[in-house]
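Asker: Residue numbers (the working numbering), protein chains in the order written: chain A, 1 to 157; chain B, 1 to 459.
It cannot be assumed that every hint is accurate.
[To be verified] Listing some non-contacts, in silico: residues in chain B with all C-beta distances to chain A over 10 Å:
1. 62
2. 197
3. 288
4. 327
[Stated by the list, open to error] Only pairs whose alpha carbons sit at most 25 Å apart, straight line, appear in this in silico SDA-like list of lysine to any residue:
5. 67/A to 285/B
6. 226/B to 23/A
7. 219/B to 49/A
8. 67/A to 314/B
9. 291/B to 14/A
10. 219/B to 82/A
11. 32/B to 101/B
12. 280/B to 14/A
13. 114/A to 17/A
14. 277/B to 13/A
15. 374/B to 451/B
16. 114/A to 171/B
17. 114/A to 74/A
18. 213/B to 251/B
19. 183/B to 67/A
20. 280/B to 317/B
21. 213/B to 289/B
22. 213/B to 15/A
23. 213/B to 171/B
24. 374/B to 288/B
25. 32/B to 80/B
26. 219/B to 14/A
27. 32/B to 108/B
Please keep in mind that the hints were generated in silico from the structure rather than gathered at the bench.
Each residue gets a CB set at the ideal place from its N, CA and C atoms; glycine is no exception.
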Amino acid sequence: METINIICVDDQREVLSAVVRDLAPLADHFNIEECESAAECEELMDELDADGEHVALVISDHVMPLKTGVQLLTEIADDPRFREVKKILLTGLATHADTIKAVNQAHIDHYLEKAWDGEELLHISKQLLTEYIVSQGLDYQSRLAVLDAPTLYKLIQ
Amino acid sequence: MHSDPSPEIAATISRLQRCYFNQPGRQIRLNKGEMLLEQGQANEKLFLLLSGQLTAYYQVEPDGEFFELNQSNPPSFTGVHSYFSGSYCARFRVVASKDSELAYIDTHVEVKQEAEFGPLAQQFMPVIVNELSQRQILAIHAQVEHNLAQQRAMQAEKMSTIGQLASGLSHELNNALGAISGKSAYFERFMDRHFEQHFPTQHHYFRAGLDSKQGLDSKLVRARGKVFEQTLGVERDQGKALARIFTHPDEVVALGKSFLKRLDEFADYWQLGRDFKELKQAVNHATGIIKSVRLLGAGDTERKYGVDINDTINCALDLMSSHCRSVDIRIQAGQLPLLCASHAEWVQVWVSLIKNAYEALLSQPNSAPMIRIKTLLSGHFIQVSIEDNGPGIAPNLMKSIFQPDMTTKKGGLSFGLGLGLSISQRIISSYQGELEVASQPGLTCFRVFLPIEVNNGNN
Numbered sequence: 001m002e003t004i005n006i007i008c009v010d011d012q013r014e015v016l017s018a019v020v021r022d023l024a025p026l027a028d029h030f031n032i033e034e035c036e037s038a039a040e041c042e043e044l045m046d047e048l049d050a051d052g053e054h055v056a057l058v059i060s061d062h063v064m065p066l067k068t069g070v071q072l073l074t075e076i077a078d079d080p081r082f083r084e085v086k087k088i089l090l091t092g093l094a095t096h097a098d099t100i101k102a103v104n105q106a107h108i109d110h111y112l113e114k115a116w117d118g119e120e121l122l123h124i125s126k127q128l129l130t131e132y133i134v135s136q137g138l139d140y141q142s143r144l145a146v147l148d149a150p151t152l153y154k155l156i157q
Numbered sequence: 001m002h003s004d005p006s007p008e009i010a011a012t013i014s015r016l017q018r019c020y021f022n023q024p025g026r027q028i029r030l031n032k033g034e035m036l037l038e039q040g041q042a043n044e045k046l047f048l049l050l051s052g053q054l055t056a057y058y059q060v061e062p063d064g065e066f067f068e069l070n071q072s073n074p075p076s077f078t079g080v081h082s083y084f085s086g087s088y089c090a091r092f093r094v095v096a097s098k099d100s101e102l103a104y105i106d107t108h109v110e111v112k113q114e115a116e117f118g119p120l121a122q123q124f125m126p127v128i129v130n131e132l133s134q135r136q137i138l139a140i141h142a143q144v145e146h147n148l149a150q151q152r153a154m155q156a157e158k159m160s161t162i163g164q165l166a167s168g169l170s171h172e173l174n175n176a177l178g179a180i181s182g183k184s185a186y187f188e189r190f191m192d193r194h195f196e197q198h199f200p201t202q203h204h205y206f207r208a209g210l211d212s213k214q215g216l217d218s219k220l221v222r223a224r225g226k227v228f229e230q231t232l233g234v235e236r237d238q239g240k241a242l243a244r245i246f247t248h249p250d251e252v253v254a255l256g257k258s259f260l261k262r263l264d265e266f267a268d269y270w271q272l273g274r275d276f277k278e279l280k281q282a283v284n285h286a287t288g289i290i291k292s293v294r295l296l297g298a299g300d301t302e303r304k305y306g307v308d309i310n311d312t313i314n315c316a317l318d319l320m321s322s323h324c325r326s327v328d329i330r331i332q333a334g335q336l337p338l339l340c341a342s343h344a345e346w347v348q349v350w351v352s353l354i355k356n357a358y359e360a361l362l363s364q365p366n367s368a369p370m371i372r373i374k375t376l377l378s379g380h381f382i383q384v385s386i387e388d389n390g391p392g393i394a395p396n397l398m399k400s401i402f403q404p405d406m407t408t409k410k411g412g413l414s415f416g417l418g419l420g421l422s423i424s425q426r427i428i429s430s431y432q433g434e435l436e437v438a439s440q441p442g443l444t445c446f447r448v449f450l451p452i453e454v455n456n457g458n459n
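So here's chain B without its partners, still in its complex pose (with noise of 0.2 Å):
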């Protein structure tokens, strides 16, 4: 683990070996798995490793496990605590992790130069400050490997309790759903086939309600009602009506009086199809929406082929319709090709950008918030971008936004399932994709570029 020395160290270390390392006496030799040093036990000697590998373990209380510290490549010194501390007591255990040739000096040591280098500790004086430096970076290290270790788990903890909650909660929802559009979709071919018998007329606009295309806009059945008004000479909810109905007066003129006179009557059965239609499309809805939470909530983090981008991202803003309701969110979607890859990760990417975005939005009055989401191919790669017209991001903050604690975030709607970006990027950098971000006030872009020749599930 140790970095190689600067070449100031490595000359003092070649001149130190020179003076005090090559004398054929002082020489040893391990296999791997020897013991140079033990933990506590009394050592005189300063060891230089010349080839092979150490490592030094560490023992916290007495009969408890050993921790392992580091590895020592050679040229390095072993020892240099016991030796120049006067302690004369090794601090660590020193085992070699690869067959392995040392010399040492002890402390009978005659010193060399002196007159050009000074006594012995200001001889090695550079190499004893090495030693220590790279150990306090070491520690660092471990230090901060723990951090995000710890960092993680309460991350990792946190989603397997949302993940939990989801699984439980969708299982319970979902059982009421199917209840309801079970016993619906029964009480719908019931009435059916009930009205076919026994009123046949009746029926047939029941049936025209139930196979309904899409709601018309209520802004367009008021204007068309009003058309229906002036023309049958209709009160105005029968003209609202027929319009809901037809999409012409001539229609209604071609069935005849005898219509008109039942219009009541026939729009309310029309009216029935439509409420047996659009309660199968809340049923959709609702189930749609438990399947992303589902998906998001447990984390499955498998990567499996199949998998289009574009799919992830209509899962995702399914999410977060609820939420975002007040921002004006269009997608362009273009032609992706499938990848080998994770729904779930992707949906976690795409969420986490869109409530960024949507929180952006909302932390300054705006008269038209929207989000712009546009996915296409080029070259090798699948882009992704997504663009608010918020007030963007201070230059100050745009370094800090990718760490894992970072949010300008105050109280109001929160989705509370504390997805950072950090946790975005990380995401996109296993699948070796790159995660830009350009901001100005009122244009804020989060571009998300995939490799799909790695991702294509023939690696």
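With the rest of the complex left out, here is chain A (with noise of 0.2 Å):
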């Protein structure tokens, strides 16, 4: 079956492994990868999409070094290679300013703050893995126990 790659993105590592961790239940189904900057984000995209693989979820941090996570998001949205790809902005500091650009520039399809709610983080992901899922067409029937029922009964109604 194809690989569905999930990329958490962050420059502090205990918070990066802390995201890990509450995506844990979805560590059957799908490849959680970390990556400490928006560079090494975009390196490791390029590298899976050369290998075939799927990218259905980039969570970022906004105040990173070098690059924000407004800044990659939005280079993603502007990727034709990744339009598809469902974008969570995870901040504990975005100003006004920054926060509209993410949703009309990014096209993020959620924003969260820090602190995060472990479990709100995960039903997010679900919901937007399982939109991923239907529409790039890819088999759910194997990944029900990792779908969100609604979202998935909505879709395919």
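Both chains are sitting in their own frames, so use the hints and assemble them into the complex.
Answerer: Following this line, the structure appears as structure tokens:
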């Protein structure tokens, strides 16, 4: 079966590992990758795309060295290869202007504030992954255990 | 407070003294504390102070307090207003602040050398004008001093409000952090003992995670994970889990096939240990930040021996790190002698300089914004340079950057402490140090020179 990736981006390792821990219930069906910078995420996405793998979801922090989360997510949104990638901005500090940019330019699918609730992050991730899988025509039957049932029901009705 | 008169004025005064103020019958002596004139009382005399010192006082409201205005030293005139305005009434109270000798003329004075120098008023004109201009200068000085004092008072008030907020906030946060760290430490000990007794094999991996060194970077884990994946024929996430625990596949092979079968379980225990470690790190991080904010806000200016300037820079960086994350900040710290200084004041200086550099970097698009901080001991000075590769300071602004109200910042992220370069400069000069700036597009460098001898606590 095709590999579907979730990429988490945060420059603080302990935050990154905490995000990954919250997503652990998805680990059997998705490959979860960790990146410590926007550049690393872009490099990894190129690689995964070249290997023919799917990137379904990017969860990024905003305030990071060199390139911010909003910049990263904007570039992903503008890249024809990754137009369908779902995007969550997870941030402890974003100005009003940053937030507007995140919505208008990066077309983020969800905005979460730190400190986040693990259950909520998992639930939103499941919803977005469900949307991705259906929109890409991927097999959802085998992944029912980790998909969001109401979202799936709405989409395949 | 009067400045020395110009040679022309001095010559005029000495001529007038020879002509009018050398009559033995019109000389008076005052002991220190004696009053010469009382505000509002009649005065028909013009006095020339020959020796000693007079102080003028002004009462704003009847029965109100007298404010000290100025002091006059010889040779200077007193009673200029009452004598020449024709009011013959003293404007100020004038008291001898030292034992003084004076000479005077009254309204009956006989005009001398009229043919050469004109009527009396004309002869006195230069000293009248001089007196007026001196008083005007005094008034300007007083106004400037007043404005500065007001600014300082406002700044102090702002800092004290921030200080109170910071200390209240840090108290609450420290309580919460104390609970988190205390309980997680207990939890960690409990699990450690529990695993040791009941799950010795798993306990080994729990400990390994707990004692693991600084976190591996995600790129390295991914690359090494691939090696494990290929050599050992495991899943991708298993490869990554192994890459976090081991450095080489041989270490895993040495543990035998049974280890690989239970890899997921062991990796979980390792990660659990790692989580406890990261929990401690996060608490330390938060505690450090709270400490810095508190130091900054409290405005503790007491100077104590044992301050390492490098520590104060690190403290400032901790404080700024969450704000400056989009900038690559590097510090190259040299070995520095300890100083007698206020930790808080220096943190304030660095925060202000780093914040300034950061905001300059944000003001224009920059693909690789960076700040370089370097400290070194050079001869008798500690030298600290803070460089940024921002757009630089416009030459026309260069002069005003140390002014209290100077700012080029517009909206956006702001640290909100309102600490300007003027405060930094004041702190630096209070240590007899200097702050220099050199700027061109792409490279701005603030350099602080701090003499060690006057600040080593031996003076």
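Asker: Each of the hints needs a verdict: does it hold here or not?
Answerer: Verification of the hints:
1. The beta carbon of residue 62/B sits about 57 Å from the closest Cβ of chain A, which is more than 10 Å, so the claim that it is off the interface holds.
2. Against the 10 Å criterion, residue 197/B stays outside the reach of chain A, whose nearest CB is about 26 Å from its own CB.
3. Once the 10 Å rule is applied to beta carbons, residue 288/B is consistent with being away from chain A; the minimum gap is 14 Å.
4. Once the 10 Å rule is applied to beta carbons, residue 327/B is inconsistent with being away from chain A; the minimum gap is 7 Å.
5. Of the pairs offered as hints, the one joining residue 67/A and residue 285/B holds, with about 23 Å between alpha carbons and a cut-off of 25 Å not exceeded.
6. In summary, the hint linking residue 226/B to residue 23/A is supported, as the alpha carbons are separated by about 21 Å, within the 25 Å threshold.
7. Only pairs whose Cα atoms come within 25 Å are accepted, and residue 219/B paired with residue 49/A is accepted, the gap being roughly 17 Å.
8. With a CA separation close to 23 Å, the supplied pair residue 67/A and residue 314/B stays within the 25 Å bound.
9. Between the alpha carbons of residue 291/B and residue 14/A the distance comes to roughly 21 Å, so the proposed pair stays at or under 25 Å and holds.
10. Of the supplied pair hints, the one linking residue 219/B and residue 82/A holds, its CA atoms being roughly 21 Å apart against a limit of 25 Å.
11. Between residue 32/B and residue 101/B the alpha-carbon distance is near 11 Å, which keeps this suggested pair within the 25 Å criterion.
12. Between residue 280/B and residue 14/A, the direct Cα distance comes to roughly 10 Å. Compliance with the 25 Å bound is thereby established for this hinted pair.
13. Restraint check: the Cα-Cα separation between residue 114/A and residue 17/A comes to about 14 Å, which is no more than 25 Å; the hinted pair holds.
14. A threshold of 25 Å between alpha carbons decides the hint, and for residue 277/B with residue 13/A the separation of about 12 Å falls inside it, so the pair holds.
15. About 17 Å separates the Cα atoms of residue 374/B and residue 451/B, which keeps this hinted pair within 25 Å; it holds.
16. With a CA separation close to 21 Å, the supplied pair residue 114/A and residue 171/B stays within the 25 Å bound.
17. Note on residue 114/A and residue 74/A: the hinted pairing holds, with a Cα-Cα distance of about 21 Å set against a maximum of 25 Å.
18. With a C-alpha separation of about 18 Å, the suggested pair residue 213/B and residue 251/B falls inside the 25 Å cut-off, and the hint holds.
19. The suggested pairing of residue 183/B with residue 67/A is violated, with an alpha-carbon distance near 37 Å, which exceeds 25 Å.
20. The suggested pairing of residue 280/B with residue 317/B holds, with an alpha-carbon distance near 20 Å, which does not exceed 25 Å.
21. Proximity of residue 213/B to residue 289/B is assessed by CA-CA distance (about 22 Å); at most 25 Å being required, the pair is judged to hold.
22. With a CA separation close to 17 Å, the supplied pair residue 213/B and residue 15/A stays within the 25 Å bound.
23. Between the alpha carbons of residue 213/B and residue 171/B the distance comes to roughly 31 Å, so the proposed pair goes past 25 Å and is violated.
24. A C-alpha spacing of about 22 Å is found between residue 374/B and residue 288/B, which places the hinted pair at or below 25 Å, so the restraint holds.
25. A hinted pair counts as satisfied when its Cα atoms are at most 25 Å apart, and residue 32/B with residue 80/B qualifies at roughly 22 Å.
26. Distance check on the hinted pair: residue 219/B and residue 14/A sit about 15 Å apart at the alpha-carbon level, within 25 Å; holds.
27. As the CA atoms of residue 32/B and residue 108/B are separated by approximately 29 Å, the hinted pair breaks the 25 Å bound.
Going down the numbered hints, you'll see the structure goes against 4, 19, 23 and 27, while the others check out.
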